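Peer 1: This is what each chain is made of:
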Amino acid sequence: MSEESLPAQPLTLSDGLDGGRGRRAERLTGGVADQAGLSSAAARPATATAPAPLRLTPPVAAAAAVCVGYALVAGGFRRLTLPAELATFVAGSVITWQALRKDCRRYPRPDHVDGKGSLAWGAILVVFAIWELYADVRGSTPAHPTLSILMRPILQDPTNRAIGYLAWLGAGIWVVRR
Amino acid sequence: VNSGQITAWGFILIGLGIVGVELTARRPGSRVPPFSAMIGFIMRERWGRLGILFVWWWIGWHFLSRS
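Protein sequence lines correspond, in order, to chains A and B. Start counting the first sequence at 1; every next residue gets the next number (the numbering used here). Start counting the second sequence at 1001; every next residue gets the next number (the numbering used here).
Rather than coming from a laboratory, the hints here were simulated on the basis of the structure. Hints should not be assumed to be uniformly reliable.
[Said to hold, decoys possible] Selected chain B positions facing chain A (in silico; Cβ < 10 Å):
| id | residue |
| --- | --- |
| 1 | V1001 |
| 2 | A1008 |
| 3 | G1010 |
| 4 | R1031 |
| 5 | V1032 |
| 6 | P1033 |
| 7 | A1037 |
| 8 | M1038 |
| 9 | F1041 |
| 10 | R1044 |
| 11 | G1060 |
| 12 | W1061 |
A quick note: this is a predicted structure, and the numbers were derived from the prediction, not measured. All residues carry an ideal CB built from backbone N, CA and C; glycine is no exception.
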C-alpha cells in the first residue's frame, strides 16, 4: 500500500512540526519503539500517535521563527513586570493546553523503570532540594544564594534572558512530546 | 573561598552529577533509566503529567518573569 492510498486524517497542532509526515510514516511502519531511550521491553507498543523526529520542514521553520520572535520580545521585558508575567503565562498556557490534548502525539512511555536504578535520580533530586532549602533558610543572601539569586546577574541581560526563554520553550515542546 | 562560592560550587557539582547520571544511564546495559524515560514514566498518569507541566511552567515563571 502506498503512502498516498492511506485515508487522510486532519492535522493536529503537533503535526505542524512536521506537516503530519511522522504520523503517516508511523502508520506505514508501525511506529517508533525506541526513540525515547527506552528498552523495547519497557516501552508500550508503538502507536500511530508517536511523533516523528523534528526535521527542518517549512512548518517547523515557521514554528521555530515564532519561538525565536517570542523569545526576543519576551527577553526585553524587565523582571517583576506585567509583560514578563504574561510572557510566561501565555506560552505556558499554550504548551499546557497542547500537552493535555488527548490527540497529542507522544513517544511511547515505559510501563516501569528499574527501582534501584532510579535511586540515582532520586538522590540528585534530594541533594538539590536540601542544598536549595538550606540556602533559602539562611536568607537567600549573597553569602547563601539560592539558584535564582545566582542566575539573576546572568538573566539581567536581555540577550541572555531571550536565550533563557528559548530554552524554556524548547523544554516545554520536549515535555509535550513525552 | 567564602560561603557564597561554596554554595555556588554545590550547585555546579549537582549539575555535574546530573550529567554523570545521564551518561551512566546511556551506557549499554545500565540499570539507570535515562532522564527522558524517568519523565515519560512519571507522565504516564494524568497527575504526573500535570505535575511535570507545573514544574516546567514554574521554572519559566520563577527564573524568567521573577528573577
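Peer 1: Can we keep the G1010 (chain B) interface hint, with Cβ of chain A closer than 10 Å?
Peer 2: Holds - the Cβ of G1010 (chain B) comes within 10 Å of chain A, reaching about 5 Å at its closest.
Peer 1: Verify the interface restraint on G1060 (chain B): the C-beta must sit less than 10 Å from at least one C-beta of chain A.
Peer 2: holds, 4 Å
Peer 1: Would the hint on R1044 (chain B) be counted as holding, given a Cβ-Cβ threshold of 10 Å to chain A?
Peer 2: Since chain A brings a Cβ to about 5 Å from R1044 (chain B), closer than 10 Å, the hint holds.
Peer 1: Would the hint on V1032 (chain B) be counted as holding, given a Cβ-Cβ threshold of 10 Å to chain A?
Peer 2: holds, 4 Å
Peer 1: Hint validation: A1037 (chain B) versus chain A, beta carbon distance must be below 10 Å. Holds or violated?
Peer 2: holds, 5 Å
Peer 1: Take the shortest C-beta to C-beta distance between F1041 (chain B) and chain A; is it under 10 Å?
Peer 2: holds, 5 Å
Peer 1: Given M1038 (chain B) was flagged as interface, is its beta-carbon under 10 Å from a beta-carbon of chain A?
Peer 2: holds, 6 Å
Peer 1: Classify the hint on R1031 (chain B) as holds or violated, based on whether any CB of chain A lies nearer than 10 Å to its CB.
Peer 2: Interface hint status for R1031 (chain B): holds (4 Å vs cutoff 10 Å).
Peer 1: With a cut-off of 10 Å on the beta carbons, see whether P1033 (chain B) makes it to chain A.
Peer 2: The hint holds - P1033 (chain B) has a Cβ within 10 Å of chain A, the shortest such distance being about 4 Å.
Peer 1: Can the hint on A1008 (chain B) be confirmed by a CB-to-CB distance to chain A that is less than 10 Å?
Peer 2: The hint holds - A1008 (chain B) has a Cβ within 10 Å of chain A, the shortest such distance being about 6 Å.
Peer 1: Does the nearest C-beta of chain A fall within a distance shorter than 10 Å of the C-beta of W1061 (chain B)?
Peer 2: holds, 5 Å
Peer 1: Is the interface hint for V1001 (chain B) satisfied, with its Cβ closer than 10 Å to some Cβ of chain A?
Peer 2: Because about 12 Å separates V1001 (chain B) from the closest Cβ in chain A, which is outside the 10 Å limit, the hint is violated.
Checked against the numbered hints given earlier, this structure breaks only hint 1.
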